[in-house]
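Student: Each chain, written out:
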Amino acid sequence: MEKANMKLKEIAKVLDAHFITEAMDADDLDISSACSTDLMSVVLYYHSMNCLLITGLTQPSVIRTAEIACIKCIVFVQGKNPNLQTIELAKEKGIPLLSTPHSMYSVSGRLFQAGLPSSPEK
Amino acid sequence: MTPDISGNVEGSFQLIGGNFTNAGEASTQLKMKLFEFGVDDAIIRRAAIATFEAEMNVIIYAAAGQLHYYITPENIKIRVEDMGPGIEDIEQAMQEGYSTAPEWVREMGWGAGMGLPNMKRNSDEFMIESVVGEGTTVHMTINLNE
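Just so you know, the protein sequences line up as chains A and B, in that order.
Note that the numbering used here has the first sequence beginning at 185, numbered continuously upward.
Note that the numbering used here has the second sequence beginning at 300, numbered continuously upward.
The reader is advised that the hints may include incorrect statements.
[Claimed, not checked] EDC-like mimics (lysine to aspartate or glutamate), calculated; alpha carbons at most 20 angstroms apart, straight line:
#: 1; chain 1: A; residue 1: K256; chain 2: B; residue 2: E324
#: 2; chain 1: A; residue 1: K277; chain 2: A; residue 2: D211
#: 3; chain 1: A; residue 1: K275; chain 2: B; residue 2: E406
#: 4; chain 1: A; residue 1: K256; chain 2: A; residue 2: E194
#: 5; chain 1: A; residue 1: K191; chain 2: A; residue 2: D214
#: 6; chain 1: B; residue 1: K376; chain 2: B; residue 2: E324
#: 7; chain 1: A; residue 1: K275; chain 2: A; residue 2: D214
#: 8; chain 1: A; residue 1: K256; chain 2: A; residue 2: D209
#: 9; chain 1: A; residue 1: K264; chain 2: B; residue 2: E406
#: 10; chain 1: A; residue 1: K277; chain 2: B; residue 2: D340
#: 11; chain 1: A; residue 1: K264; chain 2: A; residue 2: D211
#: 12; chain 1: B; residue 1: K332; chain 2: B; residue 2: D303
#: 13; chain 1: A; residue 1: K277; chain 2: B; residue 2: E335
#: 14; chain 1: A; residue 1: K197; chain 2: A; residue 2: D211
#: 15; chain 1: A; residue 1: K256; chain 2: A; residue 2: D222
#: 16; chain 1: B; residue 1: K376; chain 2: B; residue 2: D340
#: 17; chain 1: B; residue 1: K376; chain 2: B; residue 2: D303
#: 18; chain 1: A; residue 1: K191; chain 2: A; residue 2: D211
#: 19; chain 1: A; residue 1: K256; chain 2: B; residue 2: D339
#: 20; chain 1: A; residue 1: K191; chain 2: A; residue 2: D209
#: 21; chain 1: A; residue 1: K193; chain 2: A; residue 2: D211
#: 22; chain 1: B; residue 1: K419; chain 2: B; residue 2: D340
#: 23; chain 1: A; residue 1: K277; chain 2: B; residue 2: E406
#: 24; chain 1: A; residue 1: K256; chain 2: B; residue 2: D340
#: 25; chain 1: A; residue 1: K197; chain 2: A; residue 2: D222
#: 26; chain 1: B; residue 1: K332; chain 2: A; residue 2: E276
#: 27; chain 1: A; residue 1: K193; chain 2: A; residue 2: D222
[As the list claims (entries may be wrong)] Computed from the model, here is a short list of chain B residues facing chain A with C-beta under 7 angstroms:
#: 28; residue: A322
#: 29; residue: G323
#: 30; residue: R344
#: 31; residue: A347
#: 32; residue: F351
#: 33; residue: I427
#: 34; residue: S429
Worth flagging that the hints you see were computed from the coordinates, not collected in a lab.
Computed from a predicted structure; not experimentally measured.
For glycine and all other residues, C-beta sits at the position ideal for the given N, C-alpha and C.
So that you can see chain A by itself, here it is in the shape it has in the complex (with noise of 0.2 angstroms):
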């Protein structure tokens, strides 16, 4: 499998996501990994920076946990949505989120299948 980067627009679309807040350069923003997990400290033990998140919480520590890993963009999985506080968060620290109505599985699979790679695990 040939290893892509992909536009955040063209990830939203791989995945039948809509984008829950506005982001202005979904269109240039350039994605080169991913990682799957509902545990935070995974995030920040194992994944490099820069990568997307796959996750089904919704709680404002996902967005900070985000923001200390230098996570890029955050997926909803399973029609998830978060709450305004979680959503203004998000705003203020300029992190795109979008929400997919598949599982964690699926969205893994369409963004693997795609080229997206794993994030390189520490």
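Model the placement of chain B on the given structure of chain A, informed by the hints.
Tutor: Just chain B, lined up with the frame of chain A:
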């Protein structure tokens, strides 16, 4: 690049147990400060992760705590002390995967037993002291020039 820090910079943040809404605010502000000083991105990330995990531990386990930082051109020293239950067996607590976090904390994506190991991993020097029934103090040093 050598960070542009003239003199020493210090400050502190108050942390309130159970306050998940503001969890991470201290680490974010510290991160911005290091960024302003021109510290290398990878080093900022390490400092931010170590601080954030320490901050989360206070919020999860303790009634209250304080995060104190001291930045010199050579390093950043972070001290996080809490009024929490204390840790009975530090060696056990330092093991990856060991956690005493309650179910509701795990449901929020925390309490995987990786906080303390992650602090140690991202620090150049790490020290923890704890008294059961009184609280825990974590000392971390991260070198700013590598």
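Student: Next step is simple, just say for each hint if it's right about the structure.
Tutor: Each hint, compared with the structure:
With a C-alpha separation of about 19 angstroms, the suggested pair K256(A) and E324(B) falls inside the 20 angstroms cut-off, and the hint holds. At roughly 19 angstroms between alpha-carbon atoms, K277(A) and D211(A) fall within 20 angstroms of each other, so this suggested pair holds. Our distance criterion of 20 angstroms between C-alpha atoms is broken by K275(A) and E406(B), whose separation comes to about 24 angstroms. For a cut-off of 20 angstroms, the pair hint linking K256(A) to E194(A) stands: about 15 angstroms separates their Cα positions.
Note on K191(A) and D214(A): the hinted pairing holds, with a Cα-Cα distance of about 5 angstroms set against a maximum of 20 angstroms. This hinted pair checks out: K376(B) and E324(B) have alpha carbons roughly 18 angstroms apart, not beyond 20 angstroms. Proximity of K275(A) to D214(A) is assessed by CA-CA distance (about 19 angstroms); at most 20 angstroms being required, the pair is judged to hold. The hinted pair formed by K256(A) and D209(A) meets the criterion: a straight-line CA distance of about 12 angstroms does not exceed 20 angstroms.
Using a Cα cut-off of 20 angstroms, the hinted pair K264(A) and E406(B) holds, with the two alpha carbons roughly 15 angstroms apart. Among the hinted pairs, K277(A) with D340(B) is consistent with the structure: their alpha-carbon atoms are about 17 angstroms apart, no more than 20 angstroms. The hinted pair formed by K264(A) and D211(A) fails the criterion: a straight-line CA distance of about 23 angstroms is larger than 20 angstroms. For the hint pairing K332(B) with D303(B), the CA-to-CA distance comes to about 11 angstroms; that is within 20 angstroms, so the pair holds.
For the hint pairing K277(A) with E335(B), the CA-to-CA distance comes to about 17 angstroms; that is within 20 angstroms, so the pair holds. Pair hint K197(A) plus D211(A) holds up; C-alpha atoms about 12 angstroms apart against a cutoff of 20 angstroms. Our distance criterion of 20 angstroms between C-alpha atoms is met by K256(A) and D222(A), whose separation comes to about 17 angstroms. Taking the CA atoms of K376(B) and D340(B), the gap is near 17 angstroms; set against the 20 angstroms cutoff, the hint holds.
Distance check on the hinted pair: K376(B) and D303(B) sit about 17 angstroms apart at the alpha-carbon level, within 20 angstroms; holds. Restraint check for K191(A) and D211(A): the C-alpha separation of about 6 angstroms stays at or below 20 angstroms, so the hint holds. Between K256(A) and D339(B) the alpha-carbon distance is near 18 angstroms, which keeps this suggested pair within the 20 angstroms criterion. Restraint check for K191(A) and D209(A): satisfied, since their Cα atoms lie roughly 10 angstroms apart, inside the 20 angstroms limit.
As the CA atoms of K193(A) and D211(A) are separated by approximately 5 angstroms, the hinted pair is consistent with the 20 angstroms bound. With a C-alpha separation of about 19 angstroms, the suggested pairing of K419(B) with D340(B) holds against the 20 angstroms cut-off. Between K277(A) and E406(B) the CA atoms are separated by roughly 24 angstroms; this puts the pair beyond 20 angstroms, and the hint is violated. Distance hint between K256(A) and D340(B) is fulfilled; the C-alpha atoms sit about 15 angstroms from each other, no more than 20 angstroms.
Among the hinted pairs, K197(A) with D222(A) is inconsistent with the structure: their alpha-carbon atoms are about 23 angstroms apart, more than 20 angstroms. Proposed proximity of K332(B) and E276(A) is supported: the alpha carbons are some 17 angstroms apart, at most 20 angstroms. Taking the CA atoms of K193(A) and D222(A), the gap is near 24 angstroms; set against the 20 angstroms cutoff, the hint is violated. Interface restraint check for A322(B): the shortest CB-CB distance to chain A comes to about 5 angstroms, inside 7 angstroms, so the restraint holds.
Against a cut-off of 7 angstroms between C-beta atoms, the interface hint on G323(B) holds, since the closest Cβ of chain A lies about 3 angstroms away. Interface restraint check: R344(B) against chain A, minimum CB-CB distance 6 angstroms, threshold 7 angstroms, status holds. Annotation: interface hint on A347(B) holds; nearest CB of chain A at approximately 5 angstroms, less than 7 angstroms. Hint status for F351(B) relative to chain A: holds, with the closest Cβ pair at about 5 angstroms, below 7 angstroms.
Given the 7 angstroms rule on beta carbons, the hint for I427(B) is violated: about 17 angstroms separates it from the nearest Cβ of chain A. Look at S429(B): its Cβ only gets to about 20 angstroms from chain A, farther than 7 angstroms, so that hint breaks.
Comparing the model with each earlier hint shows violations of hints 3, 11, 23, 25, 27, 33 and 34; every other hint is respected.
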